[in-house]
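*Asks:* Take a look at the letters that make up each chain.
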Amino acid sequence: MRGSVRRSWLIVPAHDNDRLAEAASSNADVVVLDLQDTVHDSSKHVARDNIRDAISDMRDAGSEVFVRVDIELIYADLVASVWRGLTGIVIPGVTNVEQVMDADSILTDLESQRGVVKPPPVGDVREADDPRGPEQALEIHLSLDTGRGNWDAQQLIKASNRVKSISLGRADLVMDLRGEPSGDLHQMEYLMQRLIVIANALNVEPVGAWWRATSRGLVAGYDDTLQAAIDGRMAGFRGGLCMRTRQVKPMNTGYTPSADEVSHAEEVVAREPTYSPMSGIASDLIAWSEECQNRNRSKSIVTAQRNQ
Amino acid sequence: MPRPVRRSGLTMPINNPRFVDRSWTRDCDYLNFDLEDSVPQSQKDYARSQVRHAIVQGQKGAAEINIRINCAYPDADVPAAVWPGVNQINFPKAETGAQIRHLDALITELERVRGIRPGTVRIGATVETTLGVANSYEIASASPRIDAFGGGTGYDMSMDMGIEMFVGFDQFVYNRGEGELIALALGLEREGGVYMSDTTGNVGNAELSIKRAEASRKAGLRTGGGLHPNVVAPQNLGLTPTVNEVEDAHRVLSFFADLDQRAETEGDMDGRIVDKYEAAKAEELIEWASLCAHRDAEKSAAREQTAAELDEQN
Numbered sequence: 006m007r008g009s010v011r012r013s014w015l016i017v018p019a020h021d022n023d024r025l026a027e028a029a030s031s032n033a034d035v036v037v038l039d040l041q042d043t044v045h046d047s048s049k050h051v052a053r054d055n056i057r058d059a060i061s062d063m064r065d066a067g068s069e070v071f072v073r074v075d076i077e078l079i080y081a082d083l084v085a086s087v088w089r090g091l092t093g094i095v096i097p098g099v100t101n102v103e104q105v106m107d108a109d110s111i112l113t114d115l116e117s118q119r120g121v122v123k124p125p126p127v128g129d130v131r132e133a134d135d136p137r138g139p140e141q142a143l144e145i146h147l148s149l150d151t152g153r154g155n156w157d158a159q160q161l162i163k164a165s166n167r168v169k170s171i172s173l174g175r176a177d178l179v180m181d182l183r184g185e186p187s188g189d190l191h192q193m194e195y196l197m198q199r200l201i202v203i204a205n206a207l208n209v210e211p212v213g214a215w216w217r218a219t220s221r222g223l224v225a226g227y228d229d230t231l232q233a234a235i236d237g238r239m240a241g242f243r244g245g246l247c248m249r250t251r252q253v254k255p256m257n258t259g260y261t262p263s264a265d266e267v268s269h270a271e272e273v274v275a276r277e278p279t280y281s282p283m284s285g286i287a288s289d290l291i292a293w294s295e296e297c298q299n300r301n302r303s304k305s306i307v308t309a310q311r312n313q
Numbered sequence: 680m681p682r683p684v685r686r687s688g689l690t691m692p693i694n695n696p697r698f699v700d701r702s703w704t705r706d707c708d709y710l711n712f713d714l715e716d717s718v719p720q721s722q723k724d725y726a727r728s729q730v731r732h733a734i735v736q737g738q739k740g741a742a743e744i745n746i747r748i749n750c751a752y753p754d755a756d757v758p759a760a761v762w763p764g765v766n767q768i769n770f771p772k773a774e775t776g777a778q779i780r781h782l783d784a785l786i787t788e789l790e791r792v793r794g795i796r797p798g799t800v801r802i803g804a805t806v807e808t809t810l811g812v813a814n815s816y817e818i819a820s821a822s823p824r825i826d827a828f829g830g831g832t833g834y835d836m837s838m839d840m841g842i843e844m845f846v847g848f849d850q851f852v853y854n855r856g857e858g859e860l861i862a863l864a865l866g867l868e869r870e871g872g873v874y875m876s877d878t879t880g881n882v883g884n885a886e887l888s889i890k891r892a893e894a895s896r897k898a899g900l901r902t903g904g905g906l907h908p909n910v911v912a913p914q915n916l917g918l919t920p921t922v923n924e925v926e927d928a929h930r931v932l933s934f935f936a937d938l939d940q941r942a943e944t945e946g947d948m949d950g951r952i953v954d955k956y957e958a959a960k961a962e963e964l965i966e967w968a969s970l971c972a973h974r975d976a977e978k979s980a981a982r983e984q985t986a987a988e989l990d991e992q993n
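As given, the protein sequences belong to chains R and L, one line each in that order. Mapping of the first sequence onto the numbering used here: residues 6 to 313, in sequence order. Mapping of the second sequence onto the numbering used here: residues 680 to 993, in sequence order.
Keep in mind that the hints were calculated from the coordinates and are not lab data. Glycine included, C-beta positions come from ideal geometry on N, C-alpha and C. Take these hints with a grain of salt, some might be off.
Listing some non-contacts, in silico: residues in chain L with all C-beta distances to chain R over 10 Å [as the list claims (entries may be wrong)]:
1) M680
2) V699
3) T704
4) D716
5) A759
6) P763
7) L789
8) L860
9) L865
10) G883
11) F934
12) D949
13) K978
Quick partial rundown of chain L residues pointing at chain R, CB under 7 Å, derived from the structure [said to hold, decoys possible]:
14) G856
15) E859
16) L863
17) A864
18) L867
19) V873
20) A894
21) K897
22) A898
23) G899
24) A942
25) T944
26) Y956
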């Protein structure tokens with residue numbers, strides 16, 4: 006599936022005003038306002054209270070906005086989250102079809118009650134209140150971080166038309182998959198490849214990065230994040246999740262084809278017949294590169310408007 | 680029921696008294712007395728008659744008793760295998776859920792007839808063929824007696840796939856992944872180990888065994904087993920958390936408790952991020968270490984008692 010350019014998905018605790026301010030200037034393609042793991046139970050209400058303004062702030066900063074909900078508290082979390090500017094929600098820990106259908110149903114009610122539709126791409130001139138079509142339904146991203154969720158990935162994706170992307174989320178932590186002497190996380194190669202195959206088969210976007218055991222994934226440093234993004238792109242991902250603003254730049258960089266890669270692809274296109282797979286792959290890379298550049302320009306325009 | 684400790688286990692032909700009568704001295708967490716591949720067809724009847732003797736021998740060292748039956752004739756093997764003292768019936772070359780359901784029914788009836796508490800005898804379903812890999816989920820979920828599951832590897836799997844073993848890279852990536860994911864999905868103990876290059880096929884390689892066991896422990900795996908006595912001690916040692924690891928786990932728990940009290944969800948402990956997942960890992964490790972220590976004491980006491988009884992007899 007090819008949709009928006011979403012190279013970096015920055016998860017930020019929604020109760021933490023400092024982190025929210027950092028996120029607004031992070032240049033992330035997507036900001037995921039978190040109501041789940043990074044928010045202590047005693048701070049959930051503060052986080053929910055912050056969501057509406059934070060959606061607006063992140064949108065003004067050129068990012069698409071998702072909210073990561075706590076599956077046990079999903080109703081209250083969605084009531085706090087479905088406001089103008091929201092693109093979708095991230096559901097972690099999903100283990101059965103009913104959970105996805107329940108989320109879909111709550112979203113439908115809230116969209117109707119509040120007149121909320123998925124906003125157009127950042128920088129797009131379309132009005133958000135154009136007549137509502139299926140493409141304007143708020144999205145669901147499934148974070149398949151449990152064994153059960155991974156095993157039943159196909160059924161879970163098919164449970165709602167809103168599901169547009171999937172990831173392993175914090176599967177290594179949730180499933181307790183630790184490092185091997187090779188430097189790889191136990192079973193993560195298998196799980197990542199399985200996720201990519203299923204996502205492509207069902208026309209949803211696989212989100213993730215090729216983390217190594219030593220890099221501590223979503224909180225890794227610059228170099229590890231860059232390598233995970235480059236390897237992730239080679240493996241079939243187009244963007245990955247992260248939890249530190251320092252990771253946004255290497256995510257955006259790693260998921261954008263380099264100038265050398267684009268130049269090489271252009272040579273291949275010029276040399277190979279159009280029907281050859283090599284030409285097709287090279288054309289896709291060039292197109293993706295252009296989409297990435299367009300996304301960068303859109304963000305610049307939006308942030309320039311904000312600063313005027 | 681507490682989590683079983685199955686770090687080490689030896690598979691041996693039940694018709695060979697030289698192996699069976701010394702099995703209690705091996706310090707195995709479990710013993711897998713074989714009616715299958717290591718027993719020639721001409722010896723199968725005799726092998727079936729040896730189960731009760733093997734149970735007595737194995738229990739002298741407090742090992743859990745497993746009996747591996749033949750997948751082709753469970754109706755002949757299971758009545759010979761299910762007796763008080765048997766913990767698990769191992770079903771090799773499992774290919775369908777129906778096989779496991781049939782086995783479950785046989786065991787259920789024998790538990791009733793022989794006065795064994797219902798549900799006592801577990802099933803170990805071993806996948807060793809490509810059909811078994813394809814039907815893994817159906818197999819693993821076919822009976823509540825199955826409490827552990829892993830992907831198909833080994834000699835029979837290689838033969839069925841038509842590939843050489845011991846080529847120096849992991850030929851069973853898919854099988855391992857599929858088996859472990861199914862175990863995770865069903866909440867079962869994950870069986871198997873971290874792949875380590877081995878081009879010799881030496882089943883008694885203690886050095887490789889300790890490396891593999893340590894890597895498996897660090898990757899979160901907890902079970903082992905083998906064919907040669909040389910690998911038992913390395914597996915017991917390698918799959919048991921070290922004193923330093925247990926101390927570190929206590930520090931993580933203490934650090935996380937402080938975080939939680941401050942209404943924080945994560946913090947930096949000596950350059951490491953600690954959160955609820957790290958705390959859960961630490962809890963698991965501490966509990967596992969305690970179970971291992973208990974198991975070691977149990978086996979040691981049994982062996983000492985048996986040795987003392989033998990001394991008295993002599």
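*Asks:* Now tell me if each hint is right for this structure.
*Replies:* Each hint tested on the structure:
Chain R leaves M680(L) outside its interface by the beta-carbon criterion, the shortest separation being 21 Å against a cut-off of 10 Å. Distance check for V699(L) against chain R: the nearest CB is about 36 Å away, which clears 10 Å, and the non-interface claim stands. No Cβ of chain R approaches the Cβ of T704(L) within 10 Å, the least distance being about 32 Å, so the stated non-interface status holds. For D716(L), the condition that its CB be more than 10 Å from all CB atoms of chain R holds, with the nearest at approximately 28 Å.
Every Cβ of chain R is farther than 10 Å from the Cβ of A759(L); the closest lies at roughly 36 Å, confirming the non-interface assignment. Every C-beta of chain R lies more than 10 Å from that of P763(L), the closest at about 35 Å, which supports listing it as non-interface. Annotated as non-interface, L789(L) keeps its C-beta farther than 10 Å from every C-beta of chain R; the closest such distance is 32 Å. The claim that L860(L) is not at the interface with chain R is violated, since a C-beta of that chain comes within 10 Å of its own (minimum 6 Å).
Against chain R, the non-interface label of L865(L) is violated: not every CB pair exceeds 10 Å, the least being about 8 Å. Listed as a non-interface residue, G883(L) keeps its Cβ farther than 10 Å from every Cβ of chain R; the least gap is roughly 22 Å. With a closest Cβ-Cβ approach of about 15 Å to chain R, F934(L) is found to remain outside the 10 Å limit, as its non-interface label requires. No Cβ of chain R approaches the Cβ of D949(L) within 10 Å, the least distance being about 13 Å, so the stated non-interface status holds.
The Cβ of K978(L) lies farther than 10 Å from every Cβ of chain R, with a closest approach of about 27 Å, so its non-interface assignment holds. Of the supplied interface hints, the one on G856(L) holds, with its beta-carbon coming within about 3 Å of a beta-carbon of chain R, less than 7 Å. The criterion of a C-beta within 7 Å of any C-beta in chain R is met by E859(L), whose closest approach is roughly 6 Å, and the hint holds. Because the smallest distance between the Cβ of L863(L) and any Cβ of chain R comes to about 3 Å, under 7 Å, the interface hint for this residue holds.
Because the smallest distance between the Cβ of A864(L) and any Cβ of chain R comes to about 4 Å, under 7 Å, the interface hint for this residue holds. At about 9 Å, the closest approach between the beta carbon of L867(L) and any beta carbon in chain R exceeds 7 Å, and the interface hint on this residue is violated. Because the beta carbon of V873(L) sits about 5 Å from the nearest beta carbon in chain R, less than 7 Å, this interface hint is met. This hint holds: A894(L) has a C-beta 5 Å from the nearest C-beta of chain R, less than the 7 Å allowed.
Against a cut-off of 7 Å between C-beta atoms, the interface hint on K897(L) holds, since the closest Cβ of chain R lies about 6 Å away. Given the 7 Å rule on beta carbons, the hint for A898(L) holds: about 4 Å separates it from the nearest Cβ of chain R. With a cut of 7 Å, the hint placing G899(L) at the interface with chain R holds, because the nearest CB-to-CB distance is about 5 Å. At its closest, the beta carbon of A942(L) sits 4 Å from a beta carbon of chain R; the interface hint therefore holds under the 7 Å criterion.
The beta carbon of T944(L) comes within 5 Å of a beta carbon in chain R, closer than 7 Å, and the hint placing it at the interface holds. The closest approach between the C-beta of Y956(L) and any C-beta of chain R is roughly 4 Å, which is under the 7 Å cut-off, so the hint is satisfied.
Hint compliance for this structure: hints 8, 9 and 18 are not met, and every other hint is.
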